[in-house]
Amino acid sequence: MSDSAMKFANSEIRTALTECNPLPTPVSDWLVEIGSDSADDPAVWIWAVLPDENTDIDTRIQIRDRVLQFIRERSEFPVSVYVSFKTPAEAEEIG
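Under our numbering, think of the first position of the sequence shown as 572, with each following residue one higher.
What the hints contain is simulated information worked out from the structure, not anything from laboratory work. All values reported here derive from a predicted model rather than from experimental measurement. All residues carry an ideal CB built from backbone N, CA and C; glycine is no exception. You may find that some hints are simply not true.
Unchecked claim - Computed spacing ranges between beta-carbons, pair by pair:
id: 1; residue 1: N625; residue 2: N592; range: 15 to 25 Å
id: 2; residue 1: P622; residue 2: P649; range: 25 to 35 Å
id: 3; residue 1: D627; residue 2: F648; range: 32 to 42 Å
id: 4; residue 1: D608; residue 2: S582; range: 15 to 25 Å
id: 5; residue 1: E664; residue 2: G606; range: 30 to 40 Å
Construct the complete structure from the given sequences, taking the supplied hints into account.
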């Protein structure tokens, strides 16, 4: 897959994630990467940028579960989805 196609897909996923409601707490941004996982299967890595780094584990689990469901419902083919969390400062380091 070319870099431009990957960026477009990432942008599409990020835009779609803004419609992923209801979430138990606001997500200030989404970081998305697509590619192949260690088993060479299609995968998407999603980082939810949470404004409050002290968001409790139950809230994070609810966000993760909602994102997993949201992506799987909209995927045209089976894809592994990995959801993690970052603070705004950590997201800035990635650029």
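Status of the hints after comparison with the structure:
1. N625 - N592: 15 to 25 Å: Check passed, 22 Å falls within 15 to 25 Å.
2. P622 - P649: 25 to 35 Å: holds, 33 Å
3. D627 - F648: 32 to 42 Å: 34 Å Cβ-Cβ, so the 32 to 42 Å window holds.
4. D608 - S582: 15 to 25 Å: holds, 21 Å
5. E664 - G606: 30 to 40 Å: For E664 and G606 the Cβ distance comes to about 20 Å; the hint is violated.
This entry does not satisfy hint 5, going by the numbered hints stated previously; all others are met.
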